[in-house]
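Here is how the chains run, residue by residue.
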Amino acid sequence: MTHIAQPLRRKLDIKNGRVDLSHGSGGRAMAQLVADIFHDAFGNEWLRRNDDQASLGTLPGRLVMTTDGYVVSPLFFPGGDIGSLSVHGTINDLAMAGATPKFLSASFIIEEGFPLADLKRIAQSMGEASRSAGVPIVTGDTKVVERGKADGVFISTAGVGVVADGLMLSSDQARPGDVVLVSGSMGDHGVAIMSSRENLQFDTHILSDSAPLHELVAVMTATAGGALRVMRDPTRGGLAATLNEIAQQSNVGVFIEEAHVPVKPEVAAACEFLGLDPLYVANEGKLVAIVAPQDADALLGAMRTHPLGRDAAAIGAIVEDEHNFVQMTTAFGGGRIVDWLSGEQLPRIC
Amino acid sequence: MKYVDEYRDADLAKALAARIAAEAKPGVSYRFMEFCGGHTHAISRYGVEDLLPANVQMIHGPGCPVCVLPIGRINDAIKLAALPQVTLCTYADLMRVPAENGASLMKARAAGADIRMVYSTMDALRIAEAEPHREVVFLAIGFETTTPPTALAVKRAQALGLRNFFVFCNHVLTPAAMRAILDGANAETERLDGIVGPAHVSTVIGARPYEFVAEIYRTPIVISGFEPLDVMQSILMLTRQVNAGRREVENQYARAVSRDGNIKAQREMDEVFDLRDSFEWRGLGEVPKSALRLRGAYAKFDAERRFDIETVRARDNPACECGAILRGAKRPTDCKLFGSLCTPDTPMGSCMVSSEGSCAAHYAYGRFRDARRARAVEAVS
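Chains as they are written, first to last, in numbering that gives the first Met the number 0: chain A, 0 to 349; chain B, 0 to 380.
Looking at chain A on its own, in the form it has when it is part of the complex (with noise of 0.2 angstroms):
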């Protein structure tokens, strides 16, 4: 028998290597990227077949499905990394409808020259923070780009949920007399992402509150499910986005109470510095709720029971009005509106 020699299979050096062009061709190099890095990070039933596609079977409920595209700048912050943030923030656009997350896939656009221990270190946090969601990446895929033509990483997420009966969350339920609730402080995430931005760094303790909120969801659903009427995560744009859309597509008016909205002094502070609002600042482990007045305060005391809920507040209430204005008593008496954004130049956030 003729002995023929096998390629000496080296192992990936994480410590010095970097993405090359090879780790996106389709060849080998691209075959042990993935199984050194992502399988081990995300380990699943459905990724060990090494398919092209994750095959789930039938799931019980009505589906629903959300992609999201992930670039913040820097990729890793205080409080998180474009990783974790990847996992939480499509959970939650699931969660959002009241659903429960079943599967994520998730894609990754690499830049040429990127270093490897970072890509592992993004792929863990992922793997990570699916793990401890108990959401599974089912499906994936990676293209490296050539050196300027990607700032890193870039990852897309998918995810698939499915909501039980009788629940029938959309932003165009807000009805007059509805109750607005927040489940913690605003502007975190996108004044963490500040601070550690080259050109802006200041000294601050503040952490991006990036988490899944699919539980706190669920205790939410448990305690008065058909009281829900509109749930949102306030990301890009922050509350300010978020009760405009609703107010939009509902056509109602919000009035919220500025004295209400929780804020941590040290995320005020930053603002103040950095003329920011902090109605405007990006949260990514936060919710908006608009709820119907008679379960509001079961409503609130059950998200309070729960970690990511404890500093929940009720801040308004749904009026009628052709306008569509956020109307807001500022803490100092007077009355103002809480307008979309408008074309301020924000760093990417997430």
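Each hint should be verified, as a subset may be incorrect.
Claimed, not checked - On the chain B side, residues computed to face chain A include the following (Cβ under 8 angstroms):
| no. | residue |
| --- | --- |
| 1 | Met0 |
| 2 | Arg7 |
| 3 | Ala9 |
| 4 | Tyr45 |
| 5 | Pro343 |
Because the hints were derived from the structure by calculation, they are not lab data. For every residue, glycine included, the Cβ atom is placed at its ideal position computed from N, Cα and C.
Guided by the hints, dock chain B onto chain A, whose structure is given.
Relative to chain A, chain B alone:
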């Protein structure tokens, strides 16, 4: 937040509001102009108008650097940025100001011009140091508050021997603009009973340069901090001056402003800049001795000299009322474009661009009052 919350206290605001309401005489109308965009923004953001009686009216002034920059100078900046060797550094607000034919710095950037948004003059200086093959132009705008930092950057460039750093100077002077406003304010509709004077500008130039307002124009002025309680206290002080027939320069912002101001900053400005004979302001037209340019000793940093810029006066959109609004002669809602063709997302005039602009502030914070007013008018008629 220490040293901030104290100036935004709702109970103190209520008490001040009650004092103003008690002291403003029924049947007398009090028309006060807040000169600065910073005050306009504070009044709108905190809802100060809701705390004033109906006969105390605030008129928004021209103290918004982005708003008063004439279109011709924006055209110049766009032309500069189009030069292949030039990197233009600017504050973000200016990016969206509409120039002629629908152009803007934002669009120029999308078309390939090297335009970078910076937070300070020093950021631009750092870019010039790091990229010696680029000619880096800083688009300098602003009143006396932002002028000393530009002076320091120019001196720093001199010390570093930089040959690729230039300033396109559009620095303007507050007292000259105030004089132009008061000269124009003869008509009954433009009558001013008092001025809420600048906060940050006054920390640099002091209280003395406003003495002509009281002495020559017989108009009360109160230099005021930018916090909402500062503004309310200043309005009370102006109301008292009017009631007593006094015309004085009073200083509400004594925690930061002295009569002579910041002498060191004034010296730096004086060393680097001298007065232009005349400068065009949006809304005010040509105002004599109202702006600065680099002195001959610093000519090599002057973008106007380096790139032979000859500003051509450009016409504002004829339907846009920015000019009259900047003079205090009209309110944002008097403009036909306001809220329909002209919004913060689709600005037609500069007052809709900067958050300190009267139109942007009214649109973003105050336009619910227009609906309320319209309902009241309907109910009466």
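Go through the hint on Tyr45 of chain B and say holds or violated, using the shortest Cβ distance to chain A against 8 angstroms.
holds, 4 angstroms
Ala9 of chain B as an interface hint toward chain A, with CB separation required under 8 angstroms:
For Ala9 of chain B, the interface hint holds, since the closest Cβ of chain A sits about 4 angstroms away, which is under 8 angstroms.
Interface hint check: Arg7 of chain B, Cβ to nearest Cβ on chain A, cutoff 8 angstroms. Holds or violated?
holds, 5 angstroms
Holds or violated: is the Cβ of Pro343 of chain B closer than 8 angstroms to a Cβ in chain A?
The hint holds - Pro343 of chain B has a Cβ within 8 angstroms of chain A, the shortest such distance being about 4 angstroms.
Mind checking the CB of Met0 of chain B against every CB in chain A and telling me if the closest is under 8 angstroms?
This interface hint holds because 5 angstroms falls under the 8 angstroms limit.
The structure fails none of the hints (numbered hints given earlier).
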